[in-house]
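Could you fit the two chains together into a complex? Lean on the hints.
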Amino acid sequence: MTRILRGVAISPGVGRGKAVLLAAQVVAVPLKLSKEDVQEEIRRFHQALAQSKKQLKEIRDHLARMLGKGHALILDAQLHLLDDPAIVRAVRERIASQHINAEWALELVLRELHQKFQAISDTYLQERWSDVRDVIRRVQSNLMGTRHEPVLEPGEAAVLVTDELAPSDLIELTRQLQVRGIVLTQASPTSHVAILSRSMGIPAVASIDNVLDQVSSGQDVLVDGYDGIVIVAPTPLQIREYEGKRRYFKHHLRLLIEASRGPARTLDGYPVSLMANIEFVEECSRAITYGAEGIGLFRSEYLYLKTPNRLPTEEEHYEVYRRLVELMAPRPVVVRTADLGADKVPSVWRDFHPREPNPALGLRAVRLALKKQEIWEAQLAAMLRAAAHGDLRILVPFVATVEEVLEFLDMLEEVRQRLRRSGATFRPDPPVGIMVEIPSMARLVRHLEGLVQFISIGTNDLIQFMLAVDRDHEGLRYLYKPYNPAFLKTLVEAIEQARAVGLDVTICGEMAWDIPSVPLLVGMGCPTLSMGPQWIPAVRFFIQEIRYADARKLLERALEMRMGMEVEEMLLEWIQRHFPEGIYHPLLRASVPEAADVASAPTPDGETYEWERH
Amino acid sequence: MKEIEVRVVNLRGLHARAAARLVQTASRFQSQITLLRDNLQSDAKSILGVLLLAAPRGTLIRVRVSGPDEDQAVEAIRHLFESGFEETDEDPAR
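Protein sequence lines correspond, in order, to chains A and B.
When the first sequence is numbered by the numbering used here, its final residue is 689 and no position is left out of the sequence of numbers.
When the second sequence is numbered by the numbering used here, its final residue is 80 and no position is left out of the sequence of numbers.
Simulated from the structure, these hints should not be mistaken for lab results.
Nothing false has been slipped in among the hints.
Chain B is faced by these chain A residues, among others (derived, beta-carbon under 7 Å): (1) 159; (2) 160; (3) 161; (4) 191; (5) 195.
Here are some chain B residues the structure puts well away from chain A; computed CB gaps all over 12 Å: (6) -9; (7) -7; (8) 22; (9) 44; (10) 60; (11) 69.
Backbone N, C-alpha and C define an ideal beta-carbon position, used for all residues, glycine too.
Looking at chain B on its own, in the form it has when it is part of the complex (with noise of 0.2 Å):
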């Protein structure tokens, strides 16, 4: 099992298109993927889960991934939210 912690750093947080883009990149891997922050824990395969957490700009999260592929899936998700969720410029609200 590894477990690391992850900033929101894109504006406008854990909302509809980075939640997306989560569940996407999480659906890739075998592993058990959990995001948790304060109280709550999602799974972050769940789009329902992920938008849940309600995860403004600047929310703390600790991911934990357990399975087979979890070294491969703990960096790309490192990566997704280190990279703001590759928000481009078309977000109107940018």
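Next up, chain A with everything else stripped away, as it sits in the complex (with noise of 0.2 Å):
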């Protein structure tokens, strides 16, 4: 029976396949076996172990060839548990000494295990719980044959329904199944899950409540990542109505990369380069697809996030990075050091980093960097090695004062010199620049002539701290918009001071894909914008409706004037002068401000998954 489950959309597109469920509970019975049984039963399991070493290693080397090594290694760690005495023979003699079936015997050996591991407050391990569980029911469901989603023919379209997803996860499976669609009970718009969805342009739909009571296995899904529905075993009406919705934002994405091919240049001949802003490896592919002249910002938080409890060595940060620039050479791309602190800590920071009352304004990126060297020493040794394979930047966020840059250029040269002494492959002097987004810095960029080759501007910071607002304020939405006259000032000068002294400026903020902004950044002469993957051929689009000339009197206006919401009306009606349906014109609609919440409104990245594969 045709049932619909509303959720919250975290990633646009329709897609529809059969449902697999990834917490269907393995349930293991216990069974008496008669003492002849036992040697048989034994050999039974060793055979499961067998097949479960044989699968494991298939998807391990899968993912070494399409993703690298570093991510293969969760694999190995379950490899190793496979022979593991703690598991095997345990299994064994429960099954010799006790006569039950195995898959029983694991499920005790499981819950003793379980037990030990709780009653360990050590977070590294509650880590490795995980894979116990994860291993030990892979063996179990061999046993019982049930393993990987039998309901799926070779090359069917699937839709994950689980309560909750790790991005490792998520790319797991899309190499062994062919993922139309996630639904899920618990993540929000900015997790990484829905991150990694949007990127992979996979439809996913959250905060559906007992999801896995609500879909059976193999049952047909449709996932509206626009409006946050899904249909379980959809009528064929519904599914022809949701054929036409996928086909028209299809449509248009298609339109639009079409009708932005080339570089992004204005009608009178001024260009401007397009860059993208990504989390992870796996979305380069998508940032050229959609014209993206280089990584304008790689955000490196992540490698840190993902494992909490230790730092990423210095052969993972490389391993990433190296990854980066050969997939995107001969671009460049700009990595960000990690600007960690204020909202993201990882608990194995707690010691020197404390919980502070005014986190954004607290011991964060650079901050953190200078007083914990060590910590940084691995990413910025990493930065230089992969430098040697491509075009590689170092960004560093979060600078107040040319003190700090002193200081920074102090730590690199230091780590410079240790690779010297170790004799690694590197490039020694790779561009670097930093963030402009304290408003301090974007007066003093002068100065940086000679220390550093290019700045980036982060618009967002900058609105916060120079209007003294939260941009998560709920209540204050409407101070935080990028056409305050003050702001503006701020921007045109601290572009023009790097251009004083010659250093290249991106701006990377949001302001980049706020398309009733463009025209202001046009008019500053920024050479750079860089936004997520999907805003580019939007703001490609319209940068070549537009002339430079008209984008310069446009900022002249804005300069003169009192108020940003005067600001905001011009600019609103000068588009609408260019294009009739002003920034809800079809192929704008992309970049409309609201749009970047994507909780809410439809954008046409969905769609290019399987668009990008024929």
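In structure tokens, the structure reads:
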């Protein structure tokens, strides 16, 4: 029977497939064996172990090929467990002494291990627990012959249904299945799984309570990641309707990409370079499809947050950065050193990073880096090494003073010397830049001459600090806008100072893909805008339709105005004159400011997954 | 049968890398090797067992070895503990 479930859209697009229930509980049942059957049961257990090993090796090799060795390590850990006497011998002994079936023996061992794990309050071990559980469940399902979604034919479309999903699991599953949709109980639009599903173009809906009880394995499921709707067993009419919706967005995306081929250049020939902000290596292919001329901002925080109980090693950093520059070659890749602190503090750091009353203004980013240099050395060393493989540039966030720049450069020099001593291959002098996101720094840009090669203006924080407004404050949305003349003047000053001393400039905040702001940025002569890959086609299309001369005039007028409201009105009116639908022009719709809130607004990027493959 | 007492001296205790090294070393020997800490006991050839000892720096561990190559095994394990599992400066939390 058809049922409609309502949740929150976290990744746009429409997808349909057979439900694959991920937390489908493996239920082991105790069976008493006769004495004669014990040997046979142990043989059966070893067979299931061998089968599990084979499966894990296949997945591991596949992952290593697709994503690099780093990702495959998770599976190595599981493979070792299949040889571990604490599991293998314990199960064998239980089968032999208690005359029980292998599934139940595994269940008992699992429970016993769980108790032991719970007795230890070590977060590192808690992580290992999930490996133990996964591996034992795998052996159990191999014993029961229920392993791996027997409802699916090879190549058949799947919709993942589960309580919550780790980004690494999602990546693994997309290698095994044609994932066309995701339905989750938990996950917010800003969670990593949401970011990842958006960047992989998989429609996703979250916040559906007890979703595993509402859908059964193998059922036909339609996921509407535009409006947050999940239809279980849809009627033929609903399927046709959604096919229409899917086509509508796909069509617009295609138009948009086609309409914006070639460089972003205004009608009067003024070029603007468009780059992508990304967080995962997996987003590179989409950035290229959408015409990014490079990665303007690679956020490295996830590298730290995915292993909160330890620090990522230099090799782990290096593997990621090397793959990035190789995938994007010959385009540049700007890697930002971790902006940790503030709201993101790995638990392992709590010793030296106590909770702060006002974390956004506290010990974070470069401040933390200078205080605990050893933490950043691995990251910097990896960056210098990866720079030997491609055009990698180093970006330092949250710089408030020139002193900090000098201190950072000293730290970088120490890393260089260490690499020299160790005989590693590295590039000693990749371009270095700083984020200009604290108002003090915006006015000191010209003093960076000879110290750094570029600046990247983070408009989100710059607005937040200039107007003293928390950007997540619901009731203060009206203040958190990029149109305030004081803010615009600061931006102009920073860009002019940078140009005067020959520094390259990128804008990497939300303002870069806020369509009404684009003429202002073009008018300021900002050479590079960096944004989420999905916004690039719309911004490119828009730039191709305007003139630099007009943009310049708009900027001049804006700088004379008293109020942000007047600036905003002028810009919207101007756009209206050029596009009859205003910012609701279908090709610009992807960049309507409200659409940045993916939870509520449709954007066309759910459709690319399939499209890119053809 | 031989029995020795060793102390965990490396900074991170019997954690991931140290545990893996211990299991690797223990597995080279035929002898049965058991680790005892307080009232916990585990097989030195089981990574899970070693991890579940959850032994931080400073922990005293008794190592009980019995088998044909127990002399060599005892020495190898003693060396491993005393050298702090030969943790190098690659360790990011050094």
